[in-house]
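Given the structure of chain A, go ahead and fit chain B onto it with the hints provided.
Chain by chain, the residues:
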Amino acid sequence: MTTGPAAQHPALRIVRRKNVLAGLMFIGVAALGLWVSRTYPVGTAIRMGTGYMPRLLCWILMGLGAIVLVQGLRDADAPRSPASIPARLWPIVVVTASLIAFGLTLERLGLVIAILLLIGIGSLAARGLKPWEAAAAAAGLILLSWAIFIAGLGLVIPVWPDW
Amino acid sequence: MELINNLSTGFGIALTPANLGFALAGCLIGTLIGVLPGIGPIATIAMLLPLTFHLEPVSGLIMLAGIFYGAQYGGSTTAILVNLPGETSSVVTCIDGHQMARQGRAGSALAIAALGSFFAGTVSTAVIAMFAPPLAKVGQSFGAPEYFSLLVLGLVAAVVLAHGSVIKAIAMIILGLLFGLVGTDGQTAGERFTFGITQLADGIDFAVLAIGIFGLGEIIANLAQPEHSRSILMEKIARLWPTREDFRRAWPASLRGTALGSLLGVLPGGGATLSSFAAYVLEKKVARDPSRFGRGAVEGVAGPESANNAGAQTSFIPMLTLGIPGNAVMALMIGAMMIHGIQPGPQVMTERPTLFWGMVASMWIGNLMLLVINLPLIGMWVQLLKVPYRFLYLSILLFCAIGVYTIGNSPFAVLLAAFFGVLGYIFMRLECEPAPMILGFVLGPLMEDNLRRAMRISGGDPMIFVQRPISLGLLVAAAILLVIVALPAIRSKREEAFQES
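So the protein lines, in turn, are chains A and B. Okay, so the first sequence: first residue is 1 according to my numbering, each after it adds one. Okay, so the second sequence: first residue is 164 according to my numbering, each after it adds one.
Same shape as in the complex, but just chain B:
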């Protein structure tokens, strides 16, 4: 059994004391930021990128992955207890989860959320282990034209599934591609957009861009907003274990959520948030009595909570097997790999099996850790909500500054990050999503490289992209997606799906 062999290799890596420690650290940090509103997983992973530079690649990735799914857990805790979604992926959990808490069923809601998440995490880890190898095989057979078309499809799909204006999202991708061009052109050695600044000759560092846009931009946005008064009505958690009735209603919802989340997570642009929204809509549709929703229906917690965790996990599949990030967090993971000199793509699995399977195994371990550490520590996490933002803000600002400096021991990087921070804030104010820009930035160099190679194969004839069947199929799929999203009926449905809350 190849699968068993691979998994035992993976557990061998993931169960070393050091890696267990990093998984635990990631889960704890993730839960922490999941609980705290005002700082999201993207900003945190961006801030910690420079730290992972000093770790083994697999340890760094294990920790970053732990932060990602830890944040889903933490986000739902505050959603249920104080009606504050710590993350966008737990927005829908507020609806029924907090109602349950008000009815004195907080413990039951928390336990259902945690058990559903763990179940979803287990299933989706198995999905990754089973489906990643064959997908990577497909990826390895791709030539430059196919790869270019695949990247186009990935970017288009990311736009379609992002919220907000499609045109703006495409413009943001182009902007990201342009930022990716800054520096010395690898092929012709000509400098592009360096404005005569020598520090820009090597290009813009990915971590600097990400910390600036997400970390610093978020800080400025939070400071510019009046502080929300967070009234913490801590309900006493009477009993943690759900009733038999809750279990009976929750397990089918959890199954449906897991299936839906696993599917939506794989799609480019999908992931945790989309999965949780879709799962809530689905639960409402299949329920015999939809009017119970919004009044503390346990399915409204079990479905979305399972779905967001499943989606968070399976979004690793395209990233690990094809080197294509489906969302901003995966783009950051790709950035983390590149920091270590690992070129993401289908070859990762064959050339670095310990990295790949170690990560997969650590995902399951991380989910188990979250289940064990989270339920007993809920009281402590909620206390953290009382930390005022003025302290958080200064700490985040400082860690961004030091983190950016340590990437290349360069004071210039701090100034560059400040510039991107202002830019990130402007994007937020103008409702321009920064996530597509990050995707464009990461994929840009890859796209240009494959475009150039394809052009050299064909002798400058762009028809090569439609003459190769696989490439043509991918481009047609991308075109269909764009047409579909332009249709008015679909457009309104799409907006509806993102405004369920």
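Bound-form chain A, shown alone:
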């Protein structure tokens, strides 16, 4: 595990500990859940309402998150999440963007264009992928997906844009 630059603010260094982050994540999710479920009827143990289980689970999660957070704060040698955030953010952005593009275009513009978009955006995160390799991969994958999903399984997916 890499350690951050020495000049980093001490508070930031504590937050970068994995358990501190994990604890905060659990507490955050629990708080969100409690807030969203604030209007759900809770009911009684015999006749549990819509909100009984959600609220119970959120409270438990918050308690567990607090324990993890305290563990993280107390353990100074705990593993830290690595420093170079931007390099690690890039694959997240690329993968998410390619899936969103695929999901939004598949039904309107058809399988071929959706795959081209997914491969086009996706290849931005593939190290050392040459343009001709991306084109070859796109062509091969279009054929393969057509063969498996449309010819083989007979799924109803538009192949070309519906003019």
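In short, the hints are calculated from the structure, not lab data. Honestly, I wouldn't trust all of these hints.
[Stated by the list, open to error] Ranges between beta-carbon positions, derived for each pair: (1) B:Ile647 - A:Pro131: 54 to 60 Å; (2) B:Arg458 - A:Val156: 55 to 61 Å; (3) B:Gly349 - A:Trp59: 20 to 26 Å.
[Claimed, not checked] Short, incomplete list of chain A residues facing chain B, as computed with Cβ under 10 Å: (4) Met48; (5) Gly51; (6) Leu57; (7) Val68; (8) Leu89; (9) Pro91; (10) Phe149; (11) Asp162.
Quick caveat: nothing in here was measured; it's all calculated off a predicted structure. Virtual Cβ for every residue (Gly too), placed ideally from N, Cα, C.
Relative to the frame of chain A, chain B by itself:
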């Protein structure tokens, strides 16, 4: 003989040309992903869940099971030949298996691994056939309170045997339970956590969650890591057949590994990985000269390889008989059954005997297939290691995307899967195991249902869980497990067991 009758029914199903084909396809895909590092059986089974939707239930399950044990075989091939464990369950095989390969005994190591796995597969299939029916009978006598306590015990045991922090694992289970609540409440028709999104009213589809967390999360994690340079030093395989001396040392180790793996596989949280680690430790303990280990001891290959296959097989027992998944792969199998409208539980065996026995029979056939197809094809599998990740990555990404879409012809599912992919990556970075979350997600609705029914039986008195003897026993067992794991001595031992490599 009821057993013979049942098995012949099973072989009747498993030996139809179509099902043989699916078993073969599963074994080949499983071996393929077992060989390739960077994509595991969980991600692959998740990706193929939507495909099985279009198959007969029994064919789909046969194929998924084939992938699971095929991956154990494939994973050990690369562990021995190139010192790269394709799967976590073959990590320990690297230690002595690769040493054997360096000494020019690669063929012997591969053959011992394959024969040991086949032997273990045969024994554990017999174990399933013998012990599953009585266990299902016990399960059928359970009422709502007993079932709820059994689910609690299953989840607790899964936490205890998982690696990493226990508290985090429990938090992940709760998170999984919360994700399971999303959608319309079946009892009160109230919407929960839908954020006003109509597509969420039916809840989160299991396959979308699994593909996102395991498939897409793994992709992002692999891309964020610098690519490992895979130097492939392909040793020439001089002779495949092991020497008499190797056989003499290997068969007792294989027996011990099979017994240990069969036992550990049944435990919740157990399965292939735990079994192989435990078997290696055991072999080292019983060896007359432990110093041979790490320098190409054949027992260090035979024991763990038999154990991981036995464990992989017997982990089907609690899943098939009680509807309780012991590990993430079994949770996916339960998800596959639910896609077909089969409610997993003890009734599966009586209501769908062809499904149950067909699967059991196909396990043995699959193991035989792996033995026959694997040894001659080893050279070809190793060549596959040369496929660069940049191609793999694009193909996996696309198949995840199309697979998710085809579950319900819903573009929204693709976006939801992308969200879970990011979440899966965050979990990995924060060392939060996603497997307990999947268990919680699958078991959540079942738990809530049984809790509500138990409460209605007792008139809202939670004491019902401790007044019924079986339920009390199960809860006490769960409590004991939790206490044991909290003890410092056990905790350090537990960490040691997972860091043997």
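Results of checking the hints against the structure:
Checked against the hint of 54 to 60 Å, the C-beta distance between Ile647 of chain B and Pro131 of chain A comes to roughly 58 Å, which is consistent with it. A beta carbon spacing of about 59 Å between Arg458 of chain B and Val156 of chain A agrees with the range 55 to 61 Å that was offered as a hint. Between Gly349 of chain B and Trp59 of chain A the beta carbon distance is about 23 Å. The supplied range of 20 to 26 Å therefore holds. With 10 Å as the threshold, the beta carbon of Met48 of chain A comes within range of chain B, its nearest partner Cβ sitting at about 6 Å, so the hint holds.
For the restraint placing Gly51 of chain A at the interface with chain B, the shortest Cβ-Cβ distance is roughly 8 Å, inside the 10 Å limit, so the hint holds. A least Cβ separation of about 5 Å between Leu57 of chain A and chain B falls short of the 10 Å threshold, and the interface hint therefore holds. The interface hint given for Val68 of chain A holds, since its Cβ lies 6 Å from the closest Cβ of chain B, which is under the 10 Å cut-off. A cut of 10 Å between beta carbons decides the hint on Leu89 of chain A: the least distance to chain B is about 9 Å, and the hint holds.
Interface hint status for Pro91 of chain A: upheld, as the beta-carbon distance to the closest one in chain B is roughly 4 Å, under 10 Å. Satisfaction of the interface hint for Phe149 of chain A is found here, the shortest Cβ-Cβ separation to chain B being roughly 6 Å, below the 10 Å cut-off. With a least beta-carbon distance of about 15 Å to chain B, the hint placing Asp162 of chain A at the interface is violated under the 10 Å criterion.
The structure shown violates just one earlier hint, number 11.
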